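Engineer: Residues per chain are reported as follows:
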Amino acid sequence: MNNQPVLRVITKLLVPCMLVMGGYVITHGEIGPGGGFQGGVILAAGFILYGIVFGKEELHRVVPRRVTDGLATAGVLLYAGTGVWCMLRGGRFLDYGVLPGVDTGAAEALGMTLVEYGVGLTVCTVMITIYDMISEGVEA
Amino acid sequence: MFDTLLVDISLLTLAVIIAVAIVQVRSLLCAIMLSGIYSLLMAMIWQNMNAVDVAFTEASVGAGISTVLLLGTLLHTKRQTKQLPTVNWGALTVVTVTGAFLIYGTLDMPDMGDPNAPIHTGRVVQQLGQRVGKVDREGIHHPWKYSSMAEQSVFHEDDEHPWAELYAEEYGTAEPEHGGEEHGGAHAHPTDDFMGHSPNTVTSLLAAYRGYDTMYETAVIFTAGMSLILLLRRRREEGTA
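Taken in sequence, the protein lines are chains A and B. Here our numbering is used: position 21 in the first sequence is 21, and no number is missing along the way. Here our numbering is used: position 61 in the second sequence is 61, and no number is missing along the way.
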């Protein structure tokens, strides 16, 4: 699909919007609908569209496999690490109330935000990896 | 009420037609496309039921990513299904019995929008009345971020809730505690502060109330990615080397 000008132009227009939308959904999950999972999927959809139209090499140039593997791990670690941070501050695992904040509610909001970022990172990078693996060996 | 019902009925009819079509069609490409359409229809149905988060997930995962991944899988297989016998009576029986049980299970659920449903006598009142997490930088009570939402809500903080008695019976009178300094761990949460830390109830539920659950879900997704890498990528690299 590399040589179709309409697809290339439309993709270049669409991908930034998808990435912004995905980031917005992750960061505003606590206020509006959505959250880490949905936002991560939208982010991944942006990268996958890019990979479909411009080819796998181009996708690997933008997000190398080392980066997706690392970020997938980092997401899970961020989630679990938030829990451990709560324990270090004297609470229970994932008991966000003890995190720094003006009061319990603000601390809870901080904990939930961090956790959502972790989910978003993992979901996004794993979806890219699944696409990467499934479409391997097939050249459109 | 009637227009919602009308939209629901037409959407559900379309969904049933498409579900039958998915089973009937022999071209796998058509089946994948139809399942994408099915997901979008379901997203609209969820939206019609005001379940925005579910609709969002259905649209992005069901109609978006799943379709792409299934299409990727299609490239590795044949384009047509095998010719199967038209009616498999054993399978039909199992599906019918399971469906009947599921429908039987829904009979105990309260009607949609029933004001006496447990969610409306407990959680919603509790959440609309809660004030923790709605403070400004100085720690003064003020629904700063969410003031427009608070104004829109049916119950005002100071109003007597219609189910106040029921609610007090169940949960005790909810006076939020304040001061981040004194609290010391798991028991620091005021009675009304169970899941109301963000205006989006679903996020509070998933990230705080069911935090372990969501963490393991993330771990499952991570494991799926790692398994793919270990199984497919390594073998291919060995194959080319």
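In short, the hints are calculated from the structure, not lab data. A quick note: this is a predicted structure, and the numbers were derived from the prediction, not measured. Among the hints, a few may not be true.
Okay, the calculated beta carbon distance ranges per label pair [unchecked claim]:
1. 92(A) / 77(B): 28 to 34 angstroms
2. 52(B) / 9(A): 28 to 34 angstroms
3. 66(A) / 83(B): 44 to 50 angstroms
Below, simulated SDA-like cross-link-like pairs (lysine to any residue); rule was C-alpha separation at most 20 angstroms, straight line [said to hold, decoys possible]:
4. 56(A) / 233(B)
5. 78(B) / 92(B)
6. 56(A) / 232(B)
7. 56(A) / 70(B)
8. 78(B) / 133(A)
9. 12(A) / 73(B)
10. 56(A) / 67(B)
11. 56(A) / 229(B)
12. 78(B) / 56(A)
13. 56(A) / 76(B)
14. 56(A) / 71(B)
From the three backbone atoms N, C-alpha and C, an ideal C-beta is built for every residue, glycine too.
Engineer: Which hint numbers doesn't this structure obey?
Structural biologist: 1, 5, 9 and 12
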